[in-house]
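Peer 1: Protein sequence lines correspond, in order, to chains A and B. Going by the numbering used here, 260 is the number at position 260 of the first sequence; the sequence numbering is gapless. The number in the numbering used here is simply the position in the second sequence, starting from 1, with 309 added.
Incorrect hints may appear among the rest.
[To be verified] Now the stretches of chain A that chain B is said to cover, found in silico as 3 or more residues with beta-carbon under 8 angstroms:
| id | region |
| --- | --- |
| 1 | 110 to 119 |
| 2 | 150 to 157 |
| 3 | 184 to 190 |
| 4 | 199 to 211 |
Since the hints were derived computationally from the structure, they do not count as laboratory data. Even glycine gets a Cβ: it sits at the ideal position worked out from N, Cα and C.
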Amino acid sequence: MNNGNIREPGFNYLNYFIALVILGAVIYSAKATDFSPGLFLDPGNLKAMGRFIGGLWPPETGYEFLASTFKLIGETIAISIIGTALAVLVAFPLSILATRLRGEEFSRRAVGTPRWILRWGGYYLARTVLNLFRGVPELMWALIFVVAVGLGPFPGVLALAAHSTGVLGKLYSELFESVDQRLVETVRATGADELKVLLYNRLPVTLPVFLSYTLFRWECNMRAATILGFVGAGGIGTQLMISMKLFAYSEVMTLVLEIMALVILVDLAGQFIRTRILDAPSGTNSEEQSLVTKIICSCLPSGQTKDPS
Amino acid sequence: MEVIIARELTKKYPGGITGLDGLTVKINQGEMVGILGPSGAGKTTFFRLLTGVITPSEGELTVLGRPIGRITNRALSRLRSRMGVVYQHHNVIPAMSVARNVLMGLLGQVSLIKALRMLFHLTKDEKAAVEEVLARLDLSDKLYSRCDELSGGQQQRVAVARALLADPELILADEPIASVDPRTAQLILDQFLRLNREKGKTVVLNLHQVDFALKYCTRLLVLRQGKLVYDGDAAGFKETHIYNQGFALDSVEDIDILEPVKGGACCEQW
Numbered sequence: 001m002n003n004g005n006i007r008e009p010g011f012n013y014l015n016y017f018i019a020l021v022i023l024g025a026v027i028y029s030a031k032a033t034d035f036s037p038g039l040f041l042d043p044g045n046l047k048a049m050g051r052f053i054g055g056l057w058p059p060e061t062g063y064e065f066l067a068s069t070f071k072l073i074g075e076t077i078a079i080s081i082i083g084t085a086l087a088v089l090v091a092f093p094l095s096i097l098a099t100r101l102r103g104e105e106f107s108r109r110a111v112g113t114p115r116w117i118l119r120w121g122g123y124y125l126a127r128t129v130l131n132l133f134r135g136v137p138e139l140m141w142a143l144i145f146v147v148a149v150g151l152g153p154f155p156g157v158l159a160l161a162a163h164s165t166g167v168l169g170k171l172y173s174e175l176f177e178s179v180d181q182r183l184v185e186t187v188r189a190t191g192a193d194e195l196k197v198l199l200y201n202r203l204p205v206t207l208p209v210f211l212s213y214t215l216f217r218w219e220c221n222m223r224a225a226t227i228l229g230f231v232g233a234g235g236i237g238t239q240l241m242i243s244m245k246l247f248a249y250s251e252v253m254t255l256v257l258e259i260m261a262l263v264i265l266v267d268l269a270g271q272f273i274r275t276r277i278l279d280a281p282s283g284t285n286s287e288e289q290s291l292v293t294k295i296i297c298s299c300l301p302s303g304q305t306k307d308p309s
Numbered sequence: 310m311e312v313i314i315a316r317e318l319t320k321k322y323p324g325g326i327t328g329l330d331g332l333t334v335k336i337n338q339g340e341m342v343g344i345l346g347p348s349g350a351g352k353t354t355f356f357r358l359l360t361g362v363i364t365p366s367e368g369e370l371t372v373l374g375r376p377i378g379r380i381t382n383r384a385l386s387r388l389r390s391r392m393g394v395v396y397q398h399h400n401v402i403p404a405m406s407v408a409r410n411v412l413m414g415l416l417g418q419v420s421l422i423k424a425l426r427m428l429f430h431l432t433k434d435e436k437a438a439v440e441e442v443l444a445r446l447d448l449s450d451k452l453y454s455r456c457d458e459l460s461g462g463q464q465q466r467v468a469v470a471r472a473l474l475a476d477p478e479l480i481l482a483d484e485p486i487a488s489v490d491p492r493t494a495q496l497i498l499d500q501f502l503r504l505n506r507e508k509g510k511t512v513v514l515n516l517h518q519v520d521f522a523l524k525y526c527t528r529l530l531v532l533r534q535g536k537l538v539y540d541g542d543a544a545g546f547k548e549t550h551i552y553n554q555g556f557a558l559d560s561v562e563d564i565d566i567l568e569p570v571k572g573g574a575c576c577e578q579w
């Protein structure tokens, strides 16, 4: 249908205007934030940095200090795990409500106005709740929960759970929406209601990505858990804050090294498991599956190798 | 007793395309009906109206006594649990086993708790029922295979097994044999015919292949551009000018290769 109407895009003034606006925004932001790299070379600052860096080495390796930090690292990991688990529990039902149902059978004309309003009311309510949860960052949630339930790891757990609920709920619902509509119709044609469609189509089809998202969220929570202590919400951040304030820079060095090692390890572990999930064998006949694959496959509805037949 | 009653049934899609234009037809219990027509004639539109996936723009459609487009989602689910539905494509959930895909045929009749339990554990009775219906379709050895490892013809047979499992009153199939080999096509249609003859079930099939329709169906509905142009027995259809005008073209010898294909826009969604 090319009737000679296709022309090469020409000079567009709007694009140049947009580029100028962006450039202006960069310059203004630098001024507004007192951007001045020269401050690093200020003699007073150089001296302070020198003291700080000089104090970092050697790292504190006293037995008691190490033992206490390992305990805190354990607490950090625990906070991230229970926070993520709680988030999954709350996000999953919310995501079901926040999944947009497609199809004429859900139109206002087909179901009647009251039901239609109820369904879409639920949808927008769930979306709003998820947006609120997601819109407030973890650290701010931690501040709120420290006020609500006092100091310690528990407000940290709640803070991670609150923010992750918002993130996971949105990701889950979009995942469920992404399922091929024709497969959804196939399952609906059996007389299945939407919850059964979820069980037999949306969830099994998206399970690898579902698990991958969840795992990735756990990694994020792990990193976030290391700084929750800054506001008194438990974890290794508590000690980091104390050591900073006492100018015990050798302790800070130990803590920073430990946190770096922890984050790297969690990243590697997450990467490993996620690759296993996404590359999960399509066949379940292989006897040479690793333990992780076996666990994940046993979650899959087709994991029927050991079913007595 | 009428199983399907369509009165002046019209479906207009957003965008102004008319899928079905004033169809009036009654289908009685125990009939084996084949619906024929070129692409875009409205076969799939009619099929999707029958399954309640889309709703009529004008006119009325009653299936098993329920008015399509004017019932709640729950009533629609109940209605669907009385039908066995087979599509041309996208019939099976690829990540799941054959057994689970077949068991889906029961989803309209079981509670949510039972549906959840069936995902992880099958009772002896359920397993026996699935095995029995798979045996009829020559798929016994595939009980626990993943569906995405099956061939297209095997997947289609899984879909038929699912449709048959719940002993439906009405069987609807949209081009069930359009993309399978002739042997599988015969196997599938034989199953439908047996249910029709032995149990008096109503069967409505959208078909492309005229020869199969003439052989299996007692009544043919022929659609063209959304309108019903023939309604009668299979033998009579061969005598009509409609048959000679285009439907006789069902062998490759009649096709001029490298000739531009004529025909209107396809209004069928998929």
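Peer 1: Checked against the structure, which of the hints given earlier come out wrong?
Peer 2: Those not satisfied come down to hint 2.
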